[in-house]
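Guided by the hints, dock chains B and C onto chain A, whose structure is given.
If you're matching them up, the sequences are chains A, B and C in order. So the first sequence is numbered by our numbering: it starts at 505 and just counts up by one. So the second sequence is numbered by our numbering: it starts at 40 and just counts up by one. So the third sequence is numbered by our numbering: it starts at 4 and just counts up by one.
Please note that the accuracy of each hint is not assured.
[Claimed, not checked] Partial selection, computed: residues in chain A whose CB lies under 10 Å from chain C:
1) Pro624
2) Ile625
3) Ile631
4) Phe645
5) Ala788
[Unchecked claim] Per the computed footprint, the stretches of chain C lying under chain A, defined by three or more beta-carbons under 8 Å from a beta-carbon of chain A, are:
6) 14-26
7) 35-43
8) 92-101
9) 110-123
10) 145-153
11) 189-202
12) 263-272
Hints listed in this document are in silico derivations from the structure and should not be mistaken for laboratory results. No experiment lies behind these values; they were computed from the predicted model shown. C-beta: ideal position from N, C-alpha, C; glycine also.
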Amino acid sequence: MAAPDQPPEKNEEARSAWLFNLPLVLLTAAFILIPVGGTLVTSLFRDVTYLPDAFVGLQNYLRLAADLHFWQSMRFTLLFVAVSVTLELIFGLVFALLLNEAMPGRGLLRVIVLVPWIIPIAVSARIWELIYNYEFGLFNFLLQHPGLTQQPVNWLGSSAGAFAAIVISDVWKTTPFMTIILLAGFSTIPQDLYRQAMVDGTHFLQRFIHVTLPLIRPVIVVALLFRTIDAVRIFDLIYVLTGGGPGGATTSLSLYSFQYYVSGDFGYGSCISLIVFLIAGLLAVSYIRLGKFSEVLR
Amino acid sequence: MQKAACGAMGLMASFLVVIVLFAALPGCTGDAPRLTFWVGGAPQEVDYWEQLVIGFEKDTGIDVEIIRQPAATEQRKQGLVIALESGRPDPDVFLMDIIWISQFVQSDWLAPLDSCFGENSLHPRQFFPSVVDRVDRRNNRYYALPAFLDVGLLYYRGDLLQRHGFTGPPATWDALVEQALVVQAAERRENPGFNGFVWQGAQYEGLVCTFLEFIATHGGGISIDGTVNVSLPANEKALQFMQDLVRRHRVSPANTYTEMKEEEVRRGFQRGNALFERNWLYAWSLHQRPGSAVRGSIGLAPLPHLPGAETAATLGGWHLGISKTSDVKDQAWKLVEFLLSHDTQKKLLMKLGWYSCRRDVYQDPEVQSQVANIETLQQIVNHAVSRPDLPYYDHISRILQRYVNDCLAGKHSPREAITAMQQEIDRIEEIYGSP
Amino acid sequence: MNETRLQWILKALAALVLPAFCLLPFGWMLLVCFSRQPDFLLPQVDFAPTLQNLVDVLTDPSLHLMAYLRNSLLVSAVSAAAATFFAGLSAYSVTRLRFPGRILIPLGVLAFSMFPQISIVGYLFKLMASLDWINHHAALILPYTTLGLPLALWIMISHFAQIPVDLDKAALVDGASRLQILFRIIFPLAAPGALSTVLLVFIYSFNEFLFALMLTTDYTARTIPVGIAMFEGLHGQLPWGHVMAIAVVAILPVLLIAAVFQRRIIQGLVQGAVKG
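One chain only, chain A, in its complex shape:
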């Protein structure tokens, strides 16, 4: 395999490299690439447990285009992504700013901030399920007791309430991640810039907008990228908290696809999951483009 004019060390290096990378390549091929490829192929078939498999080409996709429940899921998912990622960014920035101040107990605060992120989503979803309970949940108690509302809010039983419930729970859970990333970004800003700005007599807010924000822009882009793609694939929270209800109002695309898988319809389920894949891919590409553009502009 070696070309005659290549130095022997290079060959030896290449061969070693292959061996070193073998586990990663094998695992990735077996448990990521092949399944995704298999999903793509399955989406071109009618694949249900009670019928012989049949190649149907793009029929699943055509059916998807006319499927009202699919478009409902799409709308919900995109709306959810927009709202919660925005909120997480805002909260994350605020918290990062707060944590950026030197103060006693900062280490403890950092652990506290980490805690919502570190526990399983399923567990946090059940806690939130209880908080949103109509009769004796915490939120309705906090709203009714001081007389903020007359009637208890039907969090999980109304589509608006369920949407709010999901957004609140998700923001609570993932703001810590944003906070930590942004905080790390803050720490890369040289202190001299701040001192310079303070000497110039600028206001705190002006400092934030003109000094801090531009410098952490790449960090924000990366954090947004990860969070957005994560938000698009949301499943755990919705499965446990609302089950996609009421009446399909909070069914995300992942959940919609899952429902088909577990009713024995792998063809249609694969088709939907590929759409999720495409959306994630599109988002990733757009972010990277946007990220690159701002680099180029500078």
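Chains B and C in isolation, oriented as in the chain A frame:
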């Protein structure tokens, strides 16, 4: 810093070894044959199954492991589909909702039971033919047997009917509306939340059951002869009637199509806030419990119908099946025999109010003296109608649910709803109907 | 408003708002866990403290909580160790060896980390079913290891890159093999990074839900997140006391890890994300 990290790594490595040992020791292979029985439902119900199974274990010495499933029907089905499709040896015995059986049989997940029947043991003849023949028998083989029965029927407040001069429950829909209007007007003077007729109209599976009863009692139905056909003029009339109940006659509350499912309907009637209730058999024993506001003043009857048509009751209930890939089929059958034995079925009836499909249970003198409504029940079961018995029923159900609910909400006229329903059903059939 | 005043206000806010925001649900969880009745906020119900909920969930055999815990710990620990090890191998090659496609490995792995799990799990189920691995630990360990590789790789690369190549060259001259260099020199020097990796992959695997939901069928291989999601209650009372008790047990392992290793975890997160 690095030393500390190294130390931590060493600690974690030993921790890892401990975990692997801890996990590897107590038979974590999970492949030793065991008889598993998957049961879902409310915790008290599962508790009762556990008690029953203890009796079985004592009698036969066979160990049974009950695996609890969630209460929600959809989640139970999901769990079963995953397990059965993976071809694992577990579960061995499990309960199936009546509407899953077609898909489960077609997906080749159920073991045929014929070779297990015997003259002196369990035999399909011992059960209601209208159930076993229609549901459990396919291609001349039996794939399941009924654990208990459910049918839709009419509950009525006998005391209120008497008070307002009516002799008995209505036999026709017009009579029902008439009685409901009279009583509702009178009762609303004291109790503004009173409704004439409460039934399940929310967008879920239960709505299809109610819909089926309405159309069947109007002389219509859903035929699956060759192709699924729902567009009959009688069905349109029935859907119009359903819409009228809520929007024109106003004997059914406005939240019928937004919130009303089994429990909401049952609670409303049980608190004394309704004259008529359409619900399943299970509600009877709950209504008659001490503490219920309607205890002793209710009766049950077949659902009303159009003059010239017949009464109808949607067939529900849960059936027992044995997995095709079970590794302990003989023991599984013994468990099924036990659960469907005369004694066990009698216990389920007397303790939980779950009506059996075994005919001899109803001939037992104790049952006859203590359990109410046996004759009415016979009559109702003879008029049972089934939801479309197709493996892709869940797709059809979703279509029916959506359009019937939209029609009740006033978004479509009955004709539009039926036409649209039929169109979508046709499309589904193209995809899933042909091999 | 002058600067120091503002700073003081911010610090006060931080000290109050942050903990409240983050810990309120946990406070509630603990209250309900240790309460006899979960609906004690209703005016007619009193709050009565009890340990019974915890005792119930730890001892009830039909709940299999210990089995869930065991499965979760096992699967998470093994996949964390494996991912760190395999990622270390690859990171070594990327930072020290020259070979065609060297950049592809980290970039490719980064791209794969963005694949939605739902697009993997359907076919993966069929794969596992055909291997007869459904409801076995292997069905979870292998995918979790794979899903942990991207994060692990990026953290290890950033650590390995900081170790001077001269060390390698010296050892090579002494006749050491590449593997020996990796284990005797590089890994020990990058131990903090390896630790971060193990922790993060452990946390990720412990919390994973979708794969566990579809690739396991009962307590033999099921993990805690699925267990708690499916839990309906014991013996017919309102289940919330028991649900919260399970929640307490479920989060103890990860909380312990967070308390002890918080710095490592945060470093790992930052490196995995910021470097990307």
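Verification of the hints:
1. Pro624: Constraint on Pro624/A satisfied, holds at 4 Å.
2. Ile625: Result: holds, 6 Å to nearest chain C Cβ.
3. Ile631: holds (5 Å)
4. Phe645: holds (4 Å)
5. Ala788: holds (5 Å)
6. 14-26: With 10 residues close enough to chain A, the hint holds.
7. 35-43: Three-residue rule met by the stretch 35-43 of chain C, so holds; n is 4.
8. 92-101: Per the Cβ count (6), the hint holds.
9. 110-123: holds (count 11)
10. 145-153: holds (count 6)
11. 189-202: With 0 residues closer than 8 Å to chain A, the stretch 189-202 of chain C misses the three-residue bar; violated.
12. 263-272: holds (count 4)
Hint compliance for this structure: hint 11 alone is broken.
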